[in-house]
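So the protein lines, in turn, are chains B and Z.
Going from the first sequence to the numbering used here is simple: count from 1 and add 5.
Going from the second sequence to the numbering used here is simple: count from 1 and add 130.
Don't take each hint at face value.
Unchecked claim - Looking from chain B toward chain Z, a few residues come up when the C-beta cut is under 8 Å (computed):
id : residue
1  : A94
2  : N251
3  : W253
4  : R255
5  : G308
6  : S315
As the list claims (entries may be wrong) - Listed below are the simulated DSS-like cross-link pairs for lysine-lysine, each with C-alpha atoms no more than 25 Å apart in a straight line:
id : chain 1 : residue 1 : chain 2 : residue 2
7  : Z       : K300      : Z       : K285
8  : Z       : K285      : B       : K70
9  : Z       : K285      : B       : K113
10 : Z       : K491      : Z       : K247
11 : Z       : K491      : B       : K70
12 : Z       : K334      : Z       : K536
13 : Z       : K256      : Z       : K436
14 : Z       : K355      : B       : K70
15 : Z       : K256      : Z       : K273
16 : Z       : K542      : B       : K70
17 : B       : K113      : Z       : K300
Unchecked claim - To spell it out: a stretch of chain B is covered by chain Z in this simulated footprint if at least three of its residues, at any positions, have a beta carbon under 8 Å from a beta carbon of chain Z; those stretches are:
id : region
18 : 37-43
19 : 47-53
20 : 62-74
21 : 151-158
22 : 201-210
Calculated from the structure, these hints are not laboratory results.
Everything numeric in this text was worked out from a predicted model, so none of it was measured.
The beta-carbon is built from N, C-alpha and C at its ideal position, and this holds for glycine as well.
Spelled out, the chains give:
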Amino acid sequence: MPHRTFFWFILPSLLAMFLFIAMPIVSVVIQSIFVEPEQVVVTTQTCDPFGCTDQTQVDAEATAKVRAQYPLGRFNGLGTYLDRNHLAAADVAEAWASSDSPGAFWAKLMNLSFYRALAFTLTYTFVVTPFVLVLGLAVALGVNMLPGVLKGPTIFVSLLPMIVTPLIGSLILFWMIDSRGIIGASLQTLLNDPGLSLKASPTLTWITLIIYGIWHNLPFAFIVFYAGLQTVPSETLEAAIVDGANRWERVRYVVVPYIAPLVVFVLLIQFMDNFRVFEPIVGFSAQANASSLSYYIYNDLSGTNRQFNSAAATSILTIIGVGILLAPVLIRTWRDFNRKRA
Amino acid sequence: MSVLRKALMGAAFVALSGSAAMAGCGVTAGNVKLLGNDFAAIHDVADAAATCAGDGVTFSSNLTSEHDKLGVPALTADPAQYTTVHVTASTIVPLLGGGLIRPLDDLVAKYGQGLKKTQLIMVDGKVMAIAFMANAQHLFYRKDILDQAGVEPPKTYEDVLAAAKAIRDKGLMQYPFALNTKVGWNLGEEFVNMYLGEGGSFFKQGTAEVAINNETGVKTLNMLKDLVAYSDPDFLTFDSNATSKLWESGNLALATLWGSRAAGLLDDTGSTPEVVSNTVLAGAPTVGGGTIPASTLWWDGFAIAKNITDADAEASFAAMVHGLSPDNIKAHNDDAVWLAEGYTPTPAAAGVTATAQAGAKPYPMLPYMGLLHTALGDNLAGFLQGSESAEQALADVEAAYTSAAKDAGFLK
């Protein structure tokens with residue numbers, strides 16, 4: 006395709022990407038390096054149904070004047086990124102200097118809410134993703150073996166976890182794992198531990214969220230792999246059988262290499278999806294034991310005082326995190342592409 | 131009361147008062163757009179205000195539990211997207227700070243003859259909002275269980291602990307107590323209540339500098355920890371809906387719950403007659419030898435947007451005042467602890483009234499209180515789970531708040 010044609014061909018997409026991806030990111034970057042202008046406060050008498058008191062209030066007029074002068078707010082540079090509620094540069098340095106063992110340093114790091122959120126996000130991503138890949142392939146291989154009449158219904162049932170809205174799915178499970186719910190009560194009876202609660206201990210909450218994540222994401226990997234399996238050439242498989250390969254060897258040396266590009270595709274999507282885990286934390290009310298970067302952003306934007314600069318800084322850090330996660334896979338794909346072209 | 135009966139009564143009420151209402155509103159032009167929370171009392175007011183529509187007046191409303199997130203952006207727009215908003219001691223603060231709501235003195239003079247003086251929310255000598263109902267967390271207890279355990283109704287949180295212990299020791303219930311301890315806003319609110327009950331103050335006098343990492347703060351946290359030892363281990367997921375269900379299912383003997391939930395717990399749906407007939411509402415307990423209840427008083431009211439025409443403001447104010455007419459309050463007497471004329475206190479109001487009369491403090495209407503509330507809600511779970519010391523938890527709260535308050539321009 007001539008470059009000129011190519012340019013006109015992708016112009017609409019480029020335009021849309023510029024408007025809906027590039028511009029918002031620029032806006033978020035700007036918001037993250039500015040903080041609110043100084044508030045002018047005055048003490049005034051405030052009366053409500055329960056009596057009158059002298060209370061501090063923001064002087065709306067004076068503050069509006071300051072705002073008009075600095076519409077973006079005060080320039081803060083990387084201040085928000087390095088403050089205690091984000092990367093906490095000073096606190097981490099202090100923790101490093103004052104800890105005599107990696108364990109003590111880790112404990113101090115986990116006391117910082119941003120690192121707590123980051124730790125769960127990374128654990129979730131790196132546990133859920135491989136499970137989804139392996140189990141998704143296993144389910145796809147299994148369904149592929151079924152006789153034709155059973156395939157349709159099985160595929161439908163296998164897709165259900167993905168069809169359920171994440172928030173609803175997690176809310177239903179939240180009530181099922183309640184100590185009075187069917188799963189929670191059954192576990193208590195089975196393990197003979199009446200005090201067992203999946204919601205109370207951090208470890209069990211993490212495991213619950215991770216199992217939910219695998220359950221919810223599995224159908225996506227399954228359906229992509231299942232589609233891929235339909236294109237595996239039967240001649241190669243038959244040749245492998247003639248060569249005496251057992252079922253495992255056929256999967257390992259014929260099927261997997263053949264659908265490798267799909268595996269990379271699912272891996273990329275899963276990394277991105279799992280890194281922005283959010284709904285299960287809300288659905289399972291798991292905020293006490295687990296928090297993620299996305300939840301951290303949401304938390305800054307709810308409540309009566311919304312902290313745009315803080316949410317923006319976490320958003321940018323999330324984008325950087327996704328970039329780091331995807332970099333190895335993208336570099337590999339780029340190399341493969343160049344090799345094929347050469 | 132069944133939902134159906136409520137709906138029928140509401141419909142009948144609207145039908146009966148419809149024609150008379152139009153004359154009663156006293157305005158002939160303007161748009162009324164209401165933004166509010168979503169619970170029975172708000173619907174009562176909104177439904178009655180809606181009868182002012184017609185004859186050049188339009189009415190629309192958006193009643194949603196997400197109202198607090200919409201208020202500031204919607205009223206910052208010019209013209210504002212809503213003419214009147216439902217506010218509380220906490221949600222009015224950013225609206226005041228942004229200069230987004232207008233003084234109501236002239237409108238009160240013209241349309242507000244029926245309002246009580248206590249309903250006027252005054253800031254710096256100007257009326258900024260009209261309150262219509264009061265709310266507070268207070269004690270609910272089960273008479274029958276306390277009798278079986280042989281304990282008197284608690285007056286202090288120390289009594290609550292003793293009663294809960296007696297109930298557990300007698301084998302009546304393993305987890306007899308609950309309060310709204312879900313991580314986030316709810317848990318923050320419990321700290322605020324208990325800390326004020328202990329006689330603490332949140333900030334250094336006259337500044338935005340936080341001062342909770344002290345003896346009072348530690349005592350507050352220890353009391354909360356002692357209390358949740360008698361709560362189900364899932365206590366960090368308990369919001370108002372969860373604790374109400376626990377109460378209705380008869381799994382609790384003592385609980386600190388919102389007064390606005392009382393009507394729902396005392397009606398004959400969702401529970402057994404045994405639980406309902408034995409549910410007693412009492413004022414919030416005191417704590418640590420303090421004299422005031424460990425609870426905060428809240429009011430719900432409405433304010434009028436600044437960035438709208440005077441005609442719209444007038445119509446909105448008149449319609450909302452019409453929504454608070456004594457007839458309407460009488461018709462929905464049971465739905466809230468109304469502050470407006472026409473209200474006769476009911477058993478469901480006993481707890482809030484007792485708490486207010488015992489001198490509980492109002493929720494602090496400070497511009498930086500929201501930031502502290504968020505920091506409290508996010509940083510106390512570790513201590514309650516036993517993985518952190520009280521001092522460390524309070525230091526974390528202070529550090530998180532200080533960082534946020536600097537960004538918000540309250541601290542240097």
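For each hint, the structure was consulted:
no.: 1; hint: A94; result: violated (12 Å)
no.: 2; hint: N251; result: violated (49 Å)
no.: 3; hint: W253; result: violated (44 Å)
no.: 4; hint: R255; result: violated (48 Å)
no.: 5; hint: G308; result: holds (5 Å)
no.: 6; hint: S315; result: holds (6 Å)
no.: 7; hint: K300/Z to K285/Z; result: holds (21 Å)
no.: 8; hint: K285/Z to K70/B; result: violated (50 Å)
no.: 9; hint: K285/Z to K113/B; result: violated (40 Å)
no.: 10; hint: K491/Z to K247/Z; result: holds (19 Å)
no.: 11; hint: K491/Z to K70/B; result: violated (34 Å)
no.: 12; hint: K334/Z to K536/Z; result: holds (16 Å)
no.: 13; hint: K256/Z to K436/Z; result: holds (14 Å)
no.: 14; hint: K355/Z to K70/B; result: violated (46 Å)
no.: 15; hint: K256/Z to K273/Z; result: violated (46 Å)
no.: 16; hint: K542/Z to K70/B; result: holds (19 Å)
no.: 17; hint: K113/B to K300/Z; result: violated (42 Å)
no.: 18; hint: 37-43; result: holds (count 4)
no.: 19; hint: 47-53; result: holds (count 7)
no.: 20; hint: 62-74; result: holds (count 6)
no.: 21; hint: 151-158; result: violated (count 0)
no.: 22; hint: 201-210; result: holds (count 4)
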